[in-house]
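**Student:** Spelled out, the chains give:
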Amino acid sequence: MRLARGALQAPLVLLACLTVLVLATAQWTLPLPYNPIMPGAGPPLRPPSAAHWFGTDRFGFDLFSRTLAAGSRDIPLAISGTLVSALAGVPLGLLAVTRGRAGELLMRGLDAFQAFPLVVLAVAVVALTGNRLENVVLAIAIINVPRFMRLVRAQGLSIREARFIEAAQTYGASWLRILLRHVLPNVYGVVIAQCSLTAAHSIVVIAALSFLGIGISPPAASWGSMIQAGAQNMATGQWWVVLFPGLAVLVTVASLNAIAEAFDRRLAQ
Amino acid sequence: MTAAPLLAAHDLRKTFAVARGARVHALNGVSIAVERGECVAVIGESGSGKSTLGRILLGLVQPDSGSVRYAAPGRIQAVFQEPYESLNPRHRVHAIVREPLDINRRELSRAERESRAREGLRRVGLADEFHHRLPRELSGGQQQRVGIARALILEPAMLILDEPTSSLDVSVRAQILDLLAGMKRERGISMLYISHDIGSVERIADRICVMYRGQIMETGRTADVLAAPRHPYSRALLSARLVPDPNVRTQPMRLAGEIPSQTSIPPFCLFAGRCPDEMPDCRAGPIPMIRTEGDRESRCIRARGDAADMAASPRPDHLNRDEETQRSWQ
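Chains B and W, in that order, are what the protein sequence lines are. The opening position of the first sequence corresponds to residue 5 in this note's numbering, with each subsequent residue numbered one higher. The opening position of the second sequence corresponds to residue 1285 in this note's numbering, with each subsequent residue numbered one higher.
Keep in mind that the hints were calculated from the coordinates and are not lab data. Quick reminder that beta carbons are idealized off the backbone N, C-alpha and C, glycines included. A portion of the hints provided could be inaccurate.
As the list claims (entries may be wrong) - If you want the ones that stay clear, here's a sample from chain B, every Cβ over 10 Å from chain W, calculated:
id, residue
1, V17
2, I41
3, G44
4, S84
5, L91
6, L99
7, T102
8, G113
9, D115
10, E138
11, A171
12, T174
13, H186
What the hints assert, rightly or not - Cβ-to-Cβ under 10 Å is the rule here; a few derived chain W residues that face chain B:
id, residue
14, D1348
15, Y1368
16, P1419
17, L1422
18, L1438
19, E1439
20, L1452
Excised from the complex, chain B in its bound form (with noise of 0.2 Å):
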């Protein structure tokens, strides 16, 4: 209740859930000037005008409708990403907090692990489980999963030395306790600002995907391929491509951010 009151009273976290929503359900819940699949919707690379507000792509998109279309794969995908590798790399990050072998084994696993090239694996996993959304979600969680778990690791090696552990173990904490309720308050911190920053780099993920031609592929749009198309047209001029899925991403990240700290600030009990 505390958290939802506190989050509505600051006017910019309102905002901030705003423009998220509506980015994420743009394609279906905004009048979309133009088909954003749908090819030479005008002629080719043509600066932003009255007829299309953020100009048009080299195969005649129009790019004001495509960037807005990208939002409603790109978001959700971003975010489910996010809370799966958070989800899971969290509570085995705390695992590895506690002292003795289990926390051991868990590193050096994930040491195995991580000598893979993570977006590699990534993109192999996906490849031989079948080209499906879902997939994706899975890809960024493979690849995200480690950071959190290194993270909350580092953060609560430190806390687990504080004095209110120590004074938690002379009223009788038992271990699960004080990882719950002494060391996970401590990193949510970290794991939100860290969470903000995966969600910017799942983006970009989805992006590199989608160029291998898994997840979203063309002609359905994502702020990713978009950019990394537009980055061509760079050198001759055609700024525009590239700087409106640019900017969606950075309003998305900056939103995300806003509510992330919300978050925190309210995560304290």
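Since the structure of chain B is already known, use the hints to place chain W on it.
**Tutor:** Here is chain W on its own, set in the frame of chain B:
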């Protein structure tokens, strides 16, 4: 009449591994007893092992050898040196104080535990407006009150206080000491008070143990030890105390050198080499605790001699920073 003491530790020894296989000897045979309702102070310079002693008595560290007997139900509770660091920064004050009940008194309803926590906070002088704050929103003195409320919430028979006032302002320190003295008086709680602040020890402790290099060098009633320390180390330690009167000139007795390496402990008096009163016999073998008079004990072979002789301890103006003169005291 002589009931067993509430807490009795016998011959505690503890070493910690440090680099290259060396071991630091933190405790070298410490025996200490605390009676019911008694406050025993452990004083000594940094590195003397007093905090390790506290941690062993709390069960946070296992001793290498020796025994601890605690003759009361429940746990010994602790108040720590840095109040802010001993409180979880993510927990609100009422939840911090309630947590020991949440763990140990599950049979109580949550509402009952909550109301006990609130009552405990009020008893240490924290009004309701502070109960929902985070530790960082309190002053140092208020934080330490929270630490004390948490330590008292399980109604322990004994508290271990590890320098509870050393990080506080002088005026706040007095308030916290008053609070602790009140708890001792009203509830008869036993205390082990670890400190190097002689002034606060004087106010609250019934008995003093002076520690040096992991051994208790001297013990006795607070007033007796402070008025006339028997052991040369106690004399040096107490001569460094400040007197709250600007007209009184004190001259601290200077000892040569620092605390020597703790990685090797000689098989004779641990104060030999820094002691102004050293004699050849001091290096003949380990020195036991020697009862001087009444309930006073000193780990110094000179205590074996005439007690009356010992009573005439040197006056401060005999103390001199010149090591040569110190050696020619006797």
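**Student:** Please check whether the beta-carbon of G44 (chain B) is more than 10 Å away from every beta-carbon in chain W.
**Tutor:** holds, 57 Å
**Student:** Given a cut of 10 Å on the nearest C-beta pair, is the interface hint for Y1368 (chain W) held or broken against chain B?
**Tutor:** holds, 9 Å
**Student:** Once the closest CB in chain W is found, is it more than 10 Å from S84 (chain B)?
**Tutor:** holds, 27 Å
**Student:** Is it correct that the beta-carbon of H186 (chain B) has no partner in chain W closer than or equal to 10 Å?
**Tutor:** Not fine: 6 Å to the nearest Cβ puts H186 (chain B) too close to chain W.
**Student:** Would the least Cβ to Cβ distance between I41 (chain B) and chain W come out above 10 Å?
**Tutor:** The claim stands: I41 (chain B) keeps its Cβ more than 10 Å from every Cβ of chain W (closest is about 47 Å).
**Student:** Per the CB criterion, is D1348 (chain W) less than 10 Å away from chain B?
**Tutor:** Violated, because the Cβ-Cβ distance from D1348 (chain W) to chain B comes to roughly 19 Å (cut-off 10 Å).
**Student:** Does the closest beta carbon of chain B sit nearer than 10 Å to the beta carbon of L1452 (chain W)?
**Tutor:** violated, 16 Å
**Student:** Is the Cβ of L91 (chain B) more than 10 Å away from each Cβ in chain W?
**Tutor:** holds, 20 Å
**Student:** Are all C-beta atoms of chain W more than 10 Å from that of L99 (chain B)?
**Tutor:** holds, 20 Å
**Student:** Since T174 (chain B) was said not to touch the interface, does its Cβ keep a gap of more than 10 Å from each Cβ of chain W?
**Tutor:** It is violated; T174 (chain B) is separated from chain W by about 5 Å at its closest Cβ, not greater than 10 Å.
**Student:** Take the shortest C-beta to C-beta distance between L1422 (chain W) and chain B; is it under 10 Å?
**Tutor:** Given a least distance of 14 Å, the restraint on L1422 (chain W) is violated.
**Student:** Holds or violated: the hint that P1419 (chain W) contacts chain B, with Cβ atoms closer than 10 Å.
**Tutor:** Interface hint status for P1419 (chain W): holds (9 Å vs cutoff 10 Å).
Going through the hint list in order, the structure does not satisfy hints 11, 12, 13, 14, 17, 19 and 20.
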